[in-house]
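Modelling step: build the complete structure from the supplied sequences, incorporating the hints.
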Amino acid sequence: MSKKERAVAKRKKKWDGISNFFRANSIWMLMYCTGCCAIELPQAMTSKYDMERLGMGPMATPRQADVILVTGYLSVKTLRRVIYAYEQMGEPKYLVAFGPCTINGGIYYDAHPVIKSLDQYLPIDVYIAGCMPKPEAVMNGFQDLIDMIKRKEANGWRKYQENKEWYRENQIHALGELRIKDEFHE
Amino acid sequence: MKEVKLFVGPQHPGMHGNASIHMYVDGDIINRAYLLPGMLHRGFEKSMEKRTWMNNIALIPRICVPEPDTNEMVYAMNIEALANIEVPERAHWIRMLVLELARLAIHLMAFGGCGGPTGLYTAMYWAQADRDGILELFEEISGQRIYHMYIVAGGVRKDLPKGIEKKIIAYIDDLEARLPDYEELVLNNPSIRKRLVDNIILPKEVVWELGVTGIGMRSATGEPYDLRKVTPYARYDKVEFDVPTATYSDAQTRMTLKYLEMYQTIRIIRQVLDMMPKGKVRAKVDDGSALRWKVPAGQVYSAVEASRGEYGYYTVSTGELMPYRVAVRGASFPQGLLGLEKYLPGHRIDDAPLWFDTMGICSPEIDR
Amino acid sequence: MITIIISILIALGILVFAFLWQTTLSGITRKIVGRYQKRYGPRFYQNFRDIFKALSKRGITHGWVYSFGVIMAVGGIMATVMFLPLFGIVPFPGVDNFFIYVYLFAVGMLGMAMSAVGSGNPLAGIGVMRALTQMVGYEVPFMIVVLAMIYGHGTSSLSELAAIQQTSGFLSWNLVKMPIGTIVGFICLLGMLGKKPFETFIAPAEIASGPMVEYGGKQLGMLMIMHELATFIEISLFVNLFLGGATPIVFGETTVLVGLSSVVGFLLKYSIVYIVSALISNALGRFKIDQVIKYFYKVPIVLAIIQALIVVFLGWGV
Amino acid sequence: MNNIIKEFVDNVTAKFELMGVDYPADLQVSLDFDQRDIHNALAYIKGAGWTQMSLLTCVDWIADNEFQLVFILFNWKNGVRLQVRTRIDRDKPVFTTITNIYPGAQYYERDVHEFFGVEFEGNPDSYKQLFLENWDDIPPLRKDFDAIAYSDRKYPARKYKANFSTEAGESK
Chain A
1 MSKKERAVAK
11 RKKKWDGISN
21 FFRANSIWML
31 MYCTGCCAIE
41 LPQAMTSKYD
51 MERLGMGPMA
61 TPRQADVILV
71 TGYLSVKTLR
81 RVIYAYEQMG
91 EPKYLVAFGP
101 CTINGGIYYD
111 AHPVIKSLDQ
121 YLPIDVYIAG
131 CMPKPEAVMN
141 GFQDLIDMIK
151 RKEANGWRKY
161 QENKEWYREN
171 QIHALGELRI
181 KDEFHE
Chain B
187 MKEVKLFVGP
197 QHPGMHGNAS
207 IHMYVDGDII
217 NRAYLLPGML
227 HRGFEKSMEK
237 RTWMNNIALI
247 PRICVPEPDT
257 NEMVYAMNIE
267 ALANIEVPER
277 AHWIRMLVLE
287 LARLAIHLMA
297 FGGCGGPTGL
307 YTAMYWAQAD
317 RDGILELFEE
327 ISGQRIYHMY
337 IVAGGVRKDL
347 PKGIEKKIIA
357 YIDDLEARLP
367 DYEELVLNNP
377 SIRKRLVDNI
387 ILPKEVVWEL
397 GVTGIGMRSA
407 TGEPYDLRKV
417 TPYARYDKVE
427 FDVPTATYSD
437 AQTRMTLKYL
447 EMYQTIRIIR
457 QVLDMMPKGK
467 VRAKVDDGSA
477 LRWKVPAGQV
487 YSAVEASRGE
497 YGYYTVSTGE
507 LMPYRVAVRG
517 ASFPQGLLGL
527 EKYLPGHRID
537 DAPLWFDTMG
547 ICSPEIDR
Chain C
555 MITIIISILI
565 ALGILVFAFL
575 WQTTLSGITR
585 KIVGRYQKRY
595 GPRFYQNFRD
605 IFKALSKRGI
615 THGWVYSFGV
625 IMAVGGIMAT
635 VMFLPLFGIV
645 PFPGVDNFFI
655 YVYLFAVGML
665 GMAMSAVGSG
675 NPLAGIGVMR
685 ALTQMVGYEV
695 PFMIVVLAMI
705 YGHGTSSLSE
715 LAAIQQTSGF
725 LSWNLVKMPI
735 GTIVGFICLL
745 GMLGKKPFET
755 FIAPAEIASG
765 PMVEYGGKQL
775 GMLMIMHELA
785 TFIEISLFVN
795 LFLGGATPIV
805 FGETTVLVGL
815 SSVVGFLLKY
825 SIVYIVSALI
835 SNALGRFKID
845 QVIKYFYKVP
855 IVLAIIQALI
865 VVFLGWGV
Chain D
873 MNNIIKEFVD
883 NVTAKFELMG
893 VDYPADLQVS
903 LDFDQRDIHN
913 ALAYIKGAGW
923 TQMSLLTCVD
933 WIADNEFQLV
943 FILFNWKNGV
953 RLQVRTRIDR
963 DKPVFTTITN
973 IYPGAQYYER
983 DVHEFFGVEF
993 EGNPDSYKQL
1003 FLENWDDIPP
1013 LRKDFDAIAY
1023 SDRKYPARKY
1033 KANFSTEAGE
1043 SK
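Chains as they are written, first to last, in my numbering: chain A, 1 to 186; chain B, 187 to 554; chain C, 555 to 872; chain D, 873 to 1044.
Hints in this document: simulated from the structure, not taken from any laboratory. Just so you know, not all the hints are guaranteed correct.
[To be verified] Capping the alpha-carbon separation at 25 Å, the derived lysine-lysine pairs in BS3-like fashion look like this:
id, chain 1, residue 1, chain 2, residue 2
1, D, K1031, A, K164
2, A, K12, C, K772
3, B, K348, A, K134
4, C, K585, A, K48
5, C, K772, A, K159
6, B, K236, D, K1031
7, A, K10, C, K772
8, D, K949, B, K424
9, B, K466, B, K344
10, D, K1000, D, K1026
11, A, K159, A, K14
12, D, K1000, B, K191
13, B, K191, A, K181
14, B, K528, D, K918
15, C, K772, A, K14
16, A, K134, B, K344
17, C, K772, A, K150
18, B, K528, D, K1000
19, B, K390, D, K918
[What the hints assert, rightly or not] Short, incomplete list of chain B residues facing chain C, as computed with Cβ under 7 Å:
id, residue
20, V190
21, L192
22, H198
23, P199
24, G305
25, T308
26, I378
27, R381
28, R534
29, D536
30, P539
[As the list claims (entries may be wrong)] Just the calculated beta-carbon pair ranges, DEER-fashion:
id, chain 1, residue 1, chain 2, residue 2, range
31, D, I1010, A, K12, 52 to 60 Å
32, A, G130, B, N217, 42 to 50 Å
33, D, Y916, B, T504, 29 to 37 Å
34, C, Y851, A, N155, 53 to 61 Å
35, C, A837, A, L178, 42 to 50 Å
36, A, E169, B, G349, 53 to 61 Å
37, C, Y851, A, D16, 50 to 58 Å
38, D, N937, B, K353, 55 to 63 Å
39, B, P389, A, G130, 40 to 48 Å
40, B, G329, A, K12, 44 to 52 Å
Glycine included, every Cβ here is placed at the ideal spot set by N, Cα and C.
Below you can see the structure in the form of structure tokens.
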């Protein structure tokens, strides 16, 4: 590594440190309730636990958001939409998975429309345990995410970029084809 | 102007749950609209055929997330009808208590939910904070905040914890004192009234056509068509309560009925706590292992009054270890699919989330 | 030459101050609103974190119209702020005419509309359509009131309009002289700020935040800066036009003290207007777009015409 | 109340050929009709006050090689619930739509078509997919559809060293 490259890398590292400070303290989550664990999110968001203290807030569209919450099981139909949403989000982006259903299917291990392990299809930064996770657990998970961003460990989006073919192959295996014409009522 | 196709949802802040509306809009007016369900489809009806009668108790609350207790209740009622189980008296009353607390929680959530689409986030914050109290009561009663798995065939899983009555009374006293605030904030708020009054009307004749039940039906027909009155289950015939009705079903009426029902629910809870007898809470349903329990053969349908309407299960048993078939009638199936398709056109984009909220549409129970 | 440089420096100073002040104030307001909603609320500097976080993200583009429109929007609004008199200091003397702000402001808004439509998202298109419709709604009554004021005072310079109101204390404010006009002005201000009940063009629950729907990363950060600056312009205009601008709250001989207290007076009025509008916003729901137009063309326009007639024919409020 | 039920059942028996009557629970009657009679019977029942169709569903009797269609009807006036049932051939599952009698059945028919493959003639929408997307197997609620095998094939699970899965659910 030449001197110039090292300087660039150093500057980049410093810049990353500064931006990570802001990123850690201002996490906008995508308002997308993919499954049943989302029912405890209002509790975590509203008066009792007040997620906004941590600088987290809901955002309307994937473009604006930083973190997507996969709240519980994912049916294939939702997986397709989650992939759309995840790929629309601007980098750096994070993914938080709730409950056992995202690890091995949980109680839906034998259900025909529900995928089993989410990390085959999308990279996961934080898992939150519980069926369903209590608001305390949710808040704890978000705190973990914040700490990980500060320590620069929340690198799921890099992993996704680097191993895109592998992820894509798995996605297509489960979904048939990734993009469909969504005209089912006609 | 050209017709534009809009995908509202599944990722959309205005959607209740994970569903999608395909809208064809002309400017702001909806020309056609269809619900695209299935995002929450988990194949419950198939999974239940692969689990024993007892195992299913853990599975069924997940069918309707905001109000899981009705699932447990209809499932238990079905098994009791098939196997002729006599439920202990106290269990009936505890079931009523749990069901009414759940109804209170979901009505509060509806009030908060009305705040989302109309932009009144204060209502959402207040309602969720009040709902949290009920979830804590549930945690104390059953050990879980959301999925209680508390009502089982033959009664309830365990007796109420000591001293819970006082906490419930304290909570509902508190809530009753706060309810007028909600009336001021939501029902009497001029800007909200502008959105709700004379909007999203459900005509009377349509109710029968669609099969809409619950608040939608009572607000249009003016008849007290409530399953708790018409076919009383548990001990609803022993308590006194009124069924609020109306004859003109716009969004405001439906929200008002929800509001009035909360008072009735509080009234029922008070009576239940007064009249609850002592005794056993669970009948013995099986000999030996619950996992080898076989329910006698038969085909039966039971329904209870959920906050959104008639919630029922059709259960087929062949006398085996597992159910042969369980079919779920989601209470919001008619208004969610056919109702939306028929009665949203002609309204504005802004009205779609309000239809969801005031009709109480719960997408997981549509999808199963 | 030197005067131009000084002017530009003053203008830049106003720009920086406007950004810092409004961003801080909106953070504080978020906290107040949080308490209002029975919760703790974020830190008061949360908005800075949000903006810098958004700027540090990787942006995407939907074509040159989209990217250029954002720059045009931010540029237009920045230019407007730089012409704005602050605490009685006019960066470019002689060009603080009210109409300059109206037109420069329109450039920024046009840039935003162009960029949003350029993103190709139908929701953004609907949002822009609604925003423009709403603009038609509030501009008319606001313009009637301001034109009546300009007619009455005989000047359209913002600093002079403010100075006229500082002649005899509280009683010379347009709030006292033209109370009906002030009410109209405040309603229109709510419309300009996009506060509820006139939040229709953002409407997260209906059209997923409208024009902002496709923005992320850098562009979103720039639009947030633009939003803060636009809020600053709108509220400054309101304070200067109706509440007497930078009126001192301490009277006396010492020029420095009076000058400082006039700064405090301006900021105080500014904060009160902003926080009151935020609190009103959180106690109301939002109208539909047809209701917005009907509302603006019913109550405020009638009031505005009455106020104009009073000023023109009775001569009150001059 | 029992008189009402008895009277009604007598009336139905007089008009139609009933294959069976059962009383599975309080205020609940199940009536089995032949496939030919079912539309007339439903029209008659609707006229008699059972205006609400709560549920249309299907049971797969694979041993008999038959599908059983179940209509749950409810009378709000007296609270009596009917199960109107009929059986159709499993190899050629075709049924005429009942949307002209109960318009609310439209989406239930679509649901049954999707999960069992029963075709409803006269319901133009019933063949479209509703809950599933890109489905590539036999209709999933049929008894011969193996959900676990499908799930294992389509959605690979994480490999564990130990076997944590219990046998309770699968045991016969």
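Hint-by-hint comparison with the structure:
The hinted pair formed by K1031/D and K164/A meets the criterion: a straight-line CA distance of about 22 Å does not exceed 25 Å. Of the supplied pair hints, the one linking K12/A and K772/C holds, its CA atoms being roughly 18 Å apart against a limit of 25 Å. Using a Cα cut-off of 25 Å, the hinted pair K348/B and K134/A holds, with the two alpha carbons roughly 24 Å apart. Distance restraint check for K585/C and K48/A: the Cα-Cα separation of roughly 15 Å lies within the 25 Å cut-off, and the hinted pair is therefore satisfied.
The suggested pairing of K772/C with K159/A holds, with an alpha-carbon distance near 23 Å, which does not exceed 25 Å. Taking the CA atoms of K236/B and K1031/D, the gap is about 23 Å. The hint holds against a cut of 25 Å. For the given pair, K10/A sits about 23 Å from K772/C by alpha-carbon distance, which is consistent with the 25 Å threshold. Taking the CA atoms of K949/D and K424/B, the gap is about 20 Å. The hint holds against a cut of 25 Å.
With a C-alpha separation of about 9 Å, the suggested pair K466/B and K344/B falls inside the 25 Å cut-off, and the hint holds. Proximity of K1000/D to K1026/D is assessed by CA-CA distance (about 23 Å); at most 25 Å being required, the pair is judged to hold. About 22 Å separates the Cα atoms of K159/A and K14/A, which keeps this hinted pair within 25 Å; it holds. Distance check on the hinted pair: K1000/D and K191/B sit about 19 Å apart at the alpha-carbon level, within 25 Å; holds.
Of the supplied pair hints, the one linking K191/B and K181/A holds, its CA atoms being roughly 13 Å apart against a limit of 25 Å. In summary, the hint linking K528/B to K918/D is supported, as the alpha carbons are separated by about 22 Å, within the 25 Å threshold. Proposed proximity of K772/C and K14/A is supported: the alpha carbons are some 19 Å apart, at most 25 Å. Distance hint between K134/A and K344/B is fulfilled; the C-alpha atoms sit about 22 Å from each other, no more than 25 Å.
Between K772/C and K150/A, the direct Cα distance comes to roughly 21 Å. Compliance with the 25 Å bound is thereby established for this hinted pair. For the hint pairing K528/B with K1000/D, the CA-to-CA distance comes to about 18 Å; that is within 25 Å, so the pair holds. This hinted pair checks out: K390/B and K918/D have alpha carbons roughly 17 Å apart, not beyond 25 Å. Taking 7 Å as the C-beta cut-off, the interface hint given for V190/B holds, the closest approach to chain C being about 5 Å.
Hint on L192/B holds. Least Cβ distance to chain C is approximately 6 Å, under the 7 Å limit. Because the smallest distance between the Cβ of H198/B and any Cβ of chain C comes to about 6 Å, under 7 Å, the interface hint for this residue holds. With a cut of 7 Å, the hint placing P199/B at the interface with chain C holds, because the nearest CB-to-CB distance is about 5 Å. With a cut of 7 Å, the hint placing G305/B at the interface with chain C holds, because the nearest CB-to-CB distance is about 4 Å.
A distance limit of 7 Å between C-beta atoms decides the matter here; for T308/B the minimum to chain C is near 5 Å, and the interface restraint holds. Hint on I378/B holds. Least Cβ distance to chain C is approximately 4 Å, under the 7 Å limit. Given hint, R381/B at the interface with chain C, holds; its Cβ is 6 Å from that chain's nearest Cβ, closer than 7 Å. Taking 7 Å as the C-beta cut-off, the interface hint given for R534/B holds, the closest approach to chain C being about 6 Å.
A hinted interface residue such as D536/B counts as satisfied when its beta carbon comes closer than 7 Å to some beta carbon of chain C; here the least separation is about 5 Å, so the hint holds. For the restraint placing P539/B at the interface with chain C, the shortest Cβ-Cβ distance is roughly 5 Å, inside the 7 Å limit, so the hint holds. Evaluation of the 52 to 60 Å hint for I1010/D and K12/A yields a pass: the beta carbon distance comes to about 55 Å. Checking the proposed 42 to 50 Å range against G130/A and N217/B shows it holds: the Cβ atoms sit about 44 Å from each other.
Between Y916/D and T504/B, the C-beta spacing of about 31 Å keeps the proposed range 29 to 37 Å intact. For Y851/C and N155/A, the hinted distance range of 53 to 61 Å is satisfied, since their beta carbons lie about 55 Å from each other. The hint said 42 to 50 Å for the Cβ distance between A837/C and L178/A, and at roughly 46 Å that hint holds. Here the CB-CB span from E169/A to G349/B is close to 57 Å, well matched to the stated 53 to 61 Å.
The beta-carbon spacing between Y851/C and D16/A, approximately 53 Å, falls within the hinted interval of 50 to 58 Å. A hinted range of 55 to 63 Å for the beta carbons of N937/D and K353/B is consistent with their spacing of about 57 Å. In this structure, P389/B and G130/A meet the distance hint of 40 to 48 Å, their C-beta atoms being roughly 45 Å apart. At roughly 50 Å, the beta-carbon separation of G329/B and K12/A lies within the given 44 to 52 Å, and the hint holds.
Against the hints set out earlier in the document, no violation occurs for any number.
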